[in-house]
Structure formats: structure tokens, C-alpha cells
Amino acid sequence: MKILLKAFLLTAPINFVYAAEGQKSAGLPQMDIATFPSQLFWLVITFSLLYLFMWKFVIPRLGATIEERRDKISNDINDADNLNTEATDILKKYDEQMANASQESNEIITNSKKAMLDHLETLKKENEEKVNSLISESQAKIKAQEEKSKIEIRNATLDTVKAIVSRYIENIPSDEEINKKLN
Amino acid sequence: MAADNPIDPIHQFEISKIADIQLGGIDISFTNSSLFMVFALAATMALFVIGLSKKSIIPNRMQMLSELSYNFIANMLRDQVGDQGRAYFPFIFSLFMFIFFCNFIGLIPYTFTVTSHLIVTFAFAGLIFIAVTIIGFVKNGLGYLRIFYPSGIPIFLAPLIVPIEIISYLSKPISLSVRLCANMLAGHSILKIFAGFIVMLGFLGFAPLIFLVVLYALETLIAALQAYIFTILTCIYLNDALHPDH
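Keeping their order, the protein sequence lines are chains A and B.
Taken in order, the first sequence gives residues 1 to 183; the numbers are from this note's numbering.
Taken in order, the second sequence gives residues 1001 to 1246; the numbers are from this note's numbering.
Looking at chain A on its own, in the form it has when it is part of the complex (with noise of 0.2 Å):
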């Protein structure tokens, strides 16, 4: 702004020092051969400047930070690009991890309920054959008192029978006719 207003003040003067004088040349002021030098001196002039300035200023640093920022930009894409594959490699082994764990919990319990059942299953043959056991020994044990009481009551049935009658008859007859006749 402020070399606007410089411009302004500088020019502006002149201005008006030639509007007061009037029009020296006539026509157009494009058609004045006489400012062509000058024109074209300062033309060459400014021009070259700004031809050096660009050449030797911007382009080169210009150029050099747009290419910066598109290695720059390559490079991130690269990353993120090699990130995600290694995300996704992650990714599978855990899936596969993930089904290889499933996998082998679902053995672990088919293999601990087998082992469970056939435990059950011999621990209840086992009980059987003791129940079993027990039960003819106590057959046997009950057959035995059986026939012991049997044998006991024939032999209480016998002195019964000679006291009675011994009361009764002086001749007390032998067990073996006792036997006879109770049979």
C-alpha cells in the first residue's frame, strides 16, 4: 500500500504540470517516438531483473520445495501403503490364530468328555460287579444260615421230641426213628 501511495504521490504532480501546460504532442501518446528509448531502455532493464530474479531465485526454490512435498507426499503413501499390508498380515495370522485356538479347545472338550464318560462308564461297571459280588456272597451267607437253622431246628425238634417222650415211655427211641417218623 504504501508504495501505491508513493506512487501516486510521485506521479500525480507531473500529471497535473502537464494537464496545465496542455497537450504537447498531439495524438496518440503510443505514437511519441521519442519515449520509444526510454520505453524500451527501462523494458530491458526491469525485464532482465525480473528474468534473473525468476531464474535464479524462484524456480530453483520453488521447484525444490513442490518436488519435497511430492517425495514427501510418495513417501507417506508408501508407508501407509506398507502399514496396511503388514496390518492385514497381522490381521490373517490372528484370524488363523484365532481358528487354530477354536480348533484345538473344541478337541480339548471332546477328548475331556470322552475321557469323562468312559471314566463313568468304568466306574459304574466296577460298581456292579461289587454289587454283584456282595450279593451272592450274602446269597451264599443266607443259604449257609439256612441250613444251619435247619439242622438246628431238627436237632432242637429231636431233644424235644426224646424229652417229651421219655416223660411218657421209659424207652427213648433213636434218633435215627425219631428222623424216620418226622420225615
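Mixed in with the good hints, there may be bad ones.
Stated by the list, open to error - Result set (DSS-like, lysine-lysine): computed pairs, CA atoms no more than 30 Å apart in a straight line:
1. A:K113 with A:K141
2. A:K56 with B:K1054
3. B:K1055 with A:K72
4. A:K56 with B:K1055
Claimed, not checked - Where chain A lies over chain B, by a calculated footprint (3+ residues, C-beta under 8 Å):
5. 1025-1031
6. 1038-1047
7. 1062-1071
8. 1084-1095
9. 1115-1124
10. 1223-1229
The hints are simulated quantities; they were obtained by calculation from the structure and are not laboratory data.
C-beta: ideal position from N, C-alpha, C; glycine also.
Following the hints, position chain B against chain A.
Quick look at chain B alone, frame taken from chain A:
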């Protein structure tokens, strides 16, 4: 004339001396035209010095602006000429920035439009014409003369086509320079005339004022557009010199 007529539309194009300099009898005074050439140079330098002062990966506004202009011209050159045009990029870029800033600074009231003078635009056009012709002959040898006889034209048409092509080639610098200069001259004259109408009509001046606002917007567009056209035509001429077969 200027004293009688306060809204003389031509007055703004007059060249007035600021410092009188004579070199070997030639008048090379520092004039208002020279001053605004320096302003265009300073504006371009300011844009890039500020834009490049803090070069970062993520650009700020001024850096963005300088990179946009760089990419704009770089893409234009690549599209029109291809990779062979790289060597001429500093010139094309400088040309665009200089004309662009001359046109735009000229839109500010009480300033001077450097590009409204035919000698300035003709200096550019003439330089481009000579440079393109030299580049054409250096790169293609005498084969460059093929541009005057496009392939696929029957031989009996040659006496007709070749002179037309030569005339059109020679008129390139004239059309290039006159286009820019005339656009600036006409636009700024009309702006000045309508600005004068506002003063002359007093209260009724709002009508030309509205028109002036619209016209000013159009002139802003033309200032950018003419810089663009001048630059892209230079690229096209350069392409013709590098690839005369196309």
C-alpha cells in the same frame, strides 16, 4: 486540449519524465512508464520473496499463491510444448508475471499501464518472434521451412498456401502485440470516459457508476485473460518452432 477537457481519456497514457537521463544523445529518462515497470518488478519480487520466505511442506497463503502461479505456467508450458519447453520456463514465467502485474497495477486509478503502449508489447512480441525463429532454425535446420508448407496439401496449392503461411507467420508479432496493447488501451479509455460521465452527470451519475463497476470487473478479467493469452500464444509459437510438423 487536456486543460479544456478534464476527462480526456488519453491523458492517462501520456508519458512524463521523472528524472531526465540522456545517454549519448538518446533520451532514456526515467518516466512514469519506467516507474510502473519497476512496480511490476517489485510486485512480482514481493510475491515470491514473501511466498518463499518460509518454505514449508504445508504452504501458507502467500506460498500457495506463488506455487499456484508456478504450477499454472509450468502446466501451460508442459501441455503446449512438452518436456522440451523446460529450458524456456524462466522466460515464460517472467513474461506472464510481468504482463500480469503491469495489467493489474494499471487498473488502479491514477496509475499508468505499461502494457498499453504498443512499443512495450511489440518489444516482447518482436523478441519472442526473433527467438522462436532462431530456435526453429537451430533445432530443425532448414527443415523449419516446412511450417510454410503443411503436410497433406496438394502440390498445385503450394503457390497459394506458402505465401499465406509466410504472411501469417510474419504477422504473428504484430497480432500478438496489438492484441494486448489495444485491449489495455480500449479498456482503460472506456473506464476513464465513464468515470468522467459520473462527474458530468452529478446526481444522475449513479447510472454510469453502476456501469463502471461492471466494466471494472470485466477489465479485471481482461487484465488476467490478456496476460494468459499472451503467454499461451508464446508457448504455441515455441511449440511450432520445436515441432514444425504438427
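Evaluated hints:
The hinted pair formed by K113 (chain A) and K141 (chain A) fails the criterion: a straight-line CA distance of about 42 Å is larger than 30 Å. At most 30 Å may separate the alpha-carbon atoms for a hinted pair to count; K56 (chain A) and K1054 (chain B) meet this at roughly 18 Å. Restraint check for K1055 (chain B) and K72 (chain A): satisfied, since their Cα atoms lie roughly 14 Å apart, inside the 30 Å limit. For a cut-off of 30 Å, the pair hint linking K56 (chain A) to K1055 (chain B) stands: about 16 Å separates their Cα positions.
Three residues within the 8 Å Cβ limit are the bar, and the segment 1025-1031 of chain B against chain A gives 6, so the coverage statement holds. Counting residues of the segment 1038-1047 of chain B whose CB falls under 8 Å from any CB of chain A gives 7; the rule of at least 3 is met. Coverage of a stretch by a chain is defined here by at least three residues with a beta carbon nearer than 8 Å to that chain's beta carbons; for the segment 1062-1071 of chain B and chain A the count is 5, and the condition holds. Check result for the segment 1084-1095 of chain B against chain A: holds, 5 residues qualifying (beta carbon to beta carbon below 8 Å, three or more required).
Residues of the segment 1115-1124 of chain B lying with their CB closer than 8 Å to a CB of chain A number 6, which satisfies the three-residue condition for coverage. Evaluation of the coverage hint for the segment 1223-1229 of chain B: breached, as 0 residues show C-beta separations to chain A shorter than 8 Å, against a requirement of three.
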